[in-house]
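These protein sequences, in sequence, are chains C, S, W and Z.
Under my numbering, read the first sequence as residues 238 to 597, first letter to last.
Under my numbering, read the second sequence as residues 238 to 597, first letter to last.
Under my numbering, read the third sequence as residues 238 to 597, first letter to last.
Under my numbering, read the fourth sequence as residues 238 to 597, first letter to last.
Treat the hints as calculated values from the structure; they're not laboratory data.
A portion of the hints provided could be inaccurate.
[Claimed, not checked] Simulated DEER-style distance windows between Cβ atoms:
| id | chain 1 | residue 1 | chain 2 | residue 2 | range |
| --- | --- | --- | --- | --- | --- |
| 1 | S | R512 | C | D405 | 51 to 61 Å |
| 2 | C | E412 | S | K298 | 28 to 38 Å |
| 3 | S | G508 | W | Q383 | 25 to 35 Å |
| 4 | C | R429 | S | D403 | 48 to 58 Å |
| 5 | Z | Q560 | W | E507 | 20 to 30 Å |
| 6 | Z | E412 | C | E274 | 56 to 66 Å |
| 7 | S | S273 | Z | E335 | 14 to 24 Å |
| 8 | C | D405 | W | E300 | 28 to 38 Å |
| 9 | Z | D405 | C | E274 | 49 to 59 Å |
Here a beta-carbon is modelled for each residue, glycine too, at the ideal position from N, C-alpha and C.
4 protein chains.
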Amino acid sequence: MSSQLGQLFRISTWGESHGGGVGVVIDGCPPRIELSEADIQRDLDRRRPGQSEIVTPRDEKDEGRILSGVFEGKTLGTPICIAVTNKDARPESYREMETAFRPSHADFTYEAKYGIRNWQGGGRASARETIGRVAAAVVAKKVLAQFSPALEIVAYVKTIHELVADVDVERVKFEQVEANIVRCPDAAMAERMIEFIKQVRSDGDSVGGVIECVVRGVPAGLGEPVFDKLEAELAKAMLSLPATKGFEIGSGFAGTRMRGSEHNDAFRMEGERVRTTTNRSGGIQGGISNGEPIFFRVAFKPTATIFKPQQTVTTTGEDTELQARGRHDPCVLPRAVPMVEAMTALVLCDHALRQRAQMG
Amino acid sequence: MSSQLGQLFRISTWGESHGGGVGVVIDGCPPRIELSEADIQRDLDRRRPGQSEIVTPRDEKDEGRILSGVFEGKTLGTPICIAVTNKDARPESYREMETAFRPSHADFTYEAKYGIRNWQGGGRASARETIGRVAAAVVAKKVLAQFSPALEIVAYVKTIHELVADVDVERVKFEQVEANIVRCPDAAMAERMIEFIKQVRSDGDSVGGVIECVVRGVPAGLGEPVFDKLEAELAKAMLSLPATKGFEIGSGFAGTRMRGSEHNDAFRMEGERVRTTTNRSGGIQGGISNGEPIFFRVAFKPTATIFKPQQTVTTTGEDTELQARGRHDPCVLPRAVPMVEAMTALVLCDHALRQRAQMG
Amino acid sequence: MSSQLGQLFRISTWGESHGGGVGVVIDGCPPRIELSEADIQRDLDRRRPGQSEIVTPRDEKDEGRILSGVFEGKTLGTPICIAVTNKDARPESYREMETAFRPSHADFTYEAKYGIRNWQGGGRASARETIGRVAAAVVAKKVLAQFSPALEIVAYVKTIHELVADVDVERVKFEQVEANIVRCPDAAMAERMIEFIKQVRSDGDSVGGVIECVVRGVPAGLGEPVFDKLEAELAKAMLSLPATKGFEIGSGFAGTRMRGSEHNDAFRMEGERVRTTTNRSGGIQGGISNGEPIFFRVAFKPTATIFKPQQTVTTTGEDTELQARGRHDPCVLPRAVPMVEAMTALVLCDHALRQRAQMG
Amino acid sequence: MSSQLGQLFRISTWGESHGGGVGVVIDGCPPRIELSEADIQRDLDRRRPGQSEIVTPRDEKDEGRILSGVFEGKTLGTPICIAVTNKDARPESYREMETAFRPSHADFTYEAKYGIRNWQGGGRASARETIGRVAAAVVAKKVLAQFSPALEIVAYVKTIHELVADVDVERVKFEQVEANIVRCPDAAMAERMIEFIKQVRSDGDSVGGVIECVVRGVPAGLGEPVFDKLEAELAKAMLSLPATKGFEIGSGFAGTRMRGSEHNDAFRMEGERVRTTTNRSGGIQGGISNGEPIFFRVAFKPTATIFKPQQTVTTTGEDTELQARGRHDPCVLPRAVPMVEAMTALVLCDHALRQRAQMG
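My request is simple: use the sequences and hints to build the entire structure.
Written out as structure tokens, the structure reads:
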């Protein structure tokens, strides 16, 4: 199913950017987990528009309401539906999109696939769809905390265009990430990034970058061999986010320029625990976590919406020119950080339940 | 399920590198498609060991037998089971692995996960598991040919270590790839790559690289929005191959260093057809094919097995040293080319059926 | 997943009887199908409480709101979320259930499974959960109409307790069913059933019966061999409705008392069409429809809630006595008729899409 | 998928009655469970043809070979492939079926669905397909034994035609069932059944009946609310067996003729344990086991193959007459007993793993 993710902790998102709203249904959540709307709101606030001067000014409070599956503050084990109403929708800003396809958006491909599309905003392809993912991930993180209290997911902006942050995956902390509006834990570089994004916006242009994510405290043994390798599931989850173009784990593409004798992670005992001396594997071997930190990088392209005239075609097959109006992010990365974190939590939670099902 | 892939054209692989054999069951295949064991053998021969002087000398003919689902040379629409017997297994070469974990292999993680493992060879983590994938993909390619007779999948070695081939994704042909044993369509570079791999082997070392794959002739509209985006499914499929560390599509990681105004693919009419002037998107927008060539790259790490002593630990928790014996590829890429092609075919075939289910 | 049904036309229901509301998300619906809230309301009204003097007086309008997946009156091909708010909830009527388990309800088993339950009404086990099914089936019936315009699903009350209606499965019409409040197309028997149910209610007791359903106009070829046989899927769908205890198709249990020579359905040509002279098979052979009417029967037990004191136990393990308050159906069958019809439509729609996926 | 069953303990069967063989792949099996080919053979022998004078004389040893997933006598946690070769195939006995459809078989519907069929025997619709199920269930029973050592599944022939056995579901034992060739634990009635089946065979006719199955020792809490109710999953599993026409649990169809005050199962404490005074529910309430014995009945029609001339049509649309040759069961029930037992084990095992996944 196109709108479902997970084998056991399964989420189904629904909704378009303009219309009744967006939301998610979570099936398979363990019972008796404390959950409130406030818990969910904390993360929705981290992804919502209008949160800072470098993101889109669309004014949505994105208030998540829990419609089912929770009773007296605890999960029931039954489906949890969380809904957010669309409030600051301005479909009139998209009137041109009714008849012309925005370059590098999904307008043309939705039309080609379905023969119909909601042209008011991105419809289903809008990043508003990720609200359901972020809300569900709040629950996933609570489930994970029961399995591995020490488990810690930290995602952050690693690069913006050519600006590269210096970050230590072993030590970077959530608080450092949240300390600035671009969500880069290298404070000095964060300032340069913010200035750069403002400059790009004033040019009517947009810019991309790389988000890195590290997960520490994952027990060895999580993930499945063959098709549902942990890195494969993470890759899919990340590439399912809007605007992504690449994924690499551990040594990644750079590792292809090493020899085996340089690349292999030697094992050594650290007390009772098997560790590796290096971590080119990125914490996963044969699709299964080895207990070392899992870290990976996700490439985000520059936002497709820019405020310059662009060549395109109409729905009736004529060449034309289009200039965006409306409200848009000059750079999606600051708001994508909680999305990457959310997708990571969703994948790990599903695999924790899968592991428990098979291995007890 | 860890050993299943696909929603509608669903494959289930089974088997270990040492044991009764390996194989695949394909469920959901359309009926009345001509299929013979010879069809399957052609691709199995392209991935089998012992095929050239730069791959492992393990002598397996890998003869695929069709056990069900085919009658009088045609598919019945019922499950197709294809099995290959393991013949040249030499478990005694792996005796050390019973008590020590090979660095950067899956020995330790399988033990951590299952509390048991088949230490004779890679077991389930062996690349022999991909036999079932390659066999199933022969069927997938036949199904795809019914949907899109012009559809063409070409995978090839793009880089080995620091050696980079010059290839035009719009024109590269299967025959150019198969013209040399390293499967690089840049003939001059192919020779250098072959020499380099031989050198690495004689050093007792190993080396990695990047495989690129292009799919031409994909109709617009294939792929699903949200979680099962076509690039997300391809990413998962590729990262499910042994030894992979990264995936990027279209502009990939390099695209993060462009501005939106440079990166966007303008639309233009070409006769009746909507085309793009550039193809940074890599043929997919919003998770759905736009009719342009789909192309992507997959990073393969250097083979974990090297013929040098390496530091590791025993299954009982003591530091030790291990040196591989047995037969291994100094570089997996030449044999991984048909695997990348196979995974591409499997993903596209599944999405072709999904598209037909929903859209007719 | 416990709350999902269907491979390709997949529904996910959510919600408890007391709480934010109930609803459904439909994933996989074909695009460009006309759909309005009025369409959905027609069937919701047929299952809603308070519709007649022989059902529960709980006063719910059950107004279905479409939150996503529809644009300008047509389906988009994206998930359709339909929600109904709980309005006339009276949790105080259930206060005793907080500490005692109602006999033959799901109170005890939910507690045993989850260690928590929403004791206000039936929670997730309430028949209110079927609102999402009925709403989704409105969409399913529209999809089916595109595949088979002649397809017709007619469900009706066949027996109440020992009262058996005389109905001809070849000819019975929807209008005859809807002509009376008990939904029995045998008008004379319907009157007796209504009187009987009133009598049972005045006794503070409850009663069950059998619903029969016939589907005419199903093309031959629908359904899958092996596990997803059409009758197997129907059996599961029916047994997933609250209060059901049995399912039989065609000759059913009575057929076990025939010999093969009596039971077999001989084939004969009727013009160009292959027909059978009898229909003991109930329209399905080998799991696949043969073009004859599909008909089956579903057993519904007497409603568990009765207004007499009953022996039970408390949540803390003491014997006690419980007498129900609140509002309840003395007989679920009149309102279950649209549920049986809905489940039939959902199964057939899913199989129509599956058939198209594999066979084109 | 048509040939797959189970969410977590997932089996994929493959194979036709005439061809390379039949088998199964089990994915999701827990590791470190002792498993040998001898274990599997015991149950295959109980379903194999030629086992007694009242079943088909087709001479198949049905020797199950484990091709993967087991190492040194224990499961690895990876897919277990079990294969059986077809040996005593006599396709020439089926030559007439190439051009004519057998009444009440799947010949016509397979042709209608796929436009092709293996006319040598029943192909995929043959009861030989159930070999894979029975083999997989051997593994399922071993998994269940880890969850609930006291769990006991006993299936048996309850009726043949109008002959009804007297059996106490609380006490009936496996040994009583296996004590005679018709598998009816009422020894006196078993003799009459055997004589009756012999008589029917000598008439060239066939006969059906009802199999009852009881599961004792199921812990409370197994099963899922809503669509995957335990009885719904059992109903599907049973109706997926060839020749089945009905399923009822607990009070079943007879329960529809009771009042709620008679039908409800009062709760009472038995020491620390919550019990019910009656068991009309059949051990399941709201889709979830309550700890009482689960018992249900399955209707099997008379075997479709009879040795009398029957009216039918040819594949080219002409009326004709057909008389069966070949080897067939005059009554499927004795061999169906291990199949019902197997399907029960498969459903319970899957739900045990699902329960562990969500609840720990």
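A quick look at each hint next to the structure:
no.: 1; hint: S:R512 to C:D405: 51 to 61 Å; in the structure: 46 Å, violated
no.: 2; hint: C:E412 to S:K298: 28 to 38 Å; in the structure: 59 Å, violated
no.: 3; hint: S:G508 to W:Q383: 25 to 35 Å; in the structure: 32 Å, holds
no.: 4; hint: C:R429 to S:D403: 48 to 58 Å; in the structure: 36 Å, violated
no.: 5; hint: Z:Q560 to W:E507: 20 to 30 Å; in the structure: 23 Å, holds
no.: 6; hint: Z:E412 to C:E274: 56 to 66 Å; in the structure: 58 Å, holds
no.: 7; hint: S:S273 to Z:E335: 14 to 24 Å; in the structure: 22 Å, holds
no.: 8; hint: C:D405 to W:E300: 28 to 38 Å; in the structure: 56 Å, violated
no.: 9; hint: Z:D405 to C:E274: 49 to 59 Å; in the structure: 54 Å, holds
Hint violations for this structure: numbers 1, 2, 4 and 8, all remaining hints satisfied.
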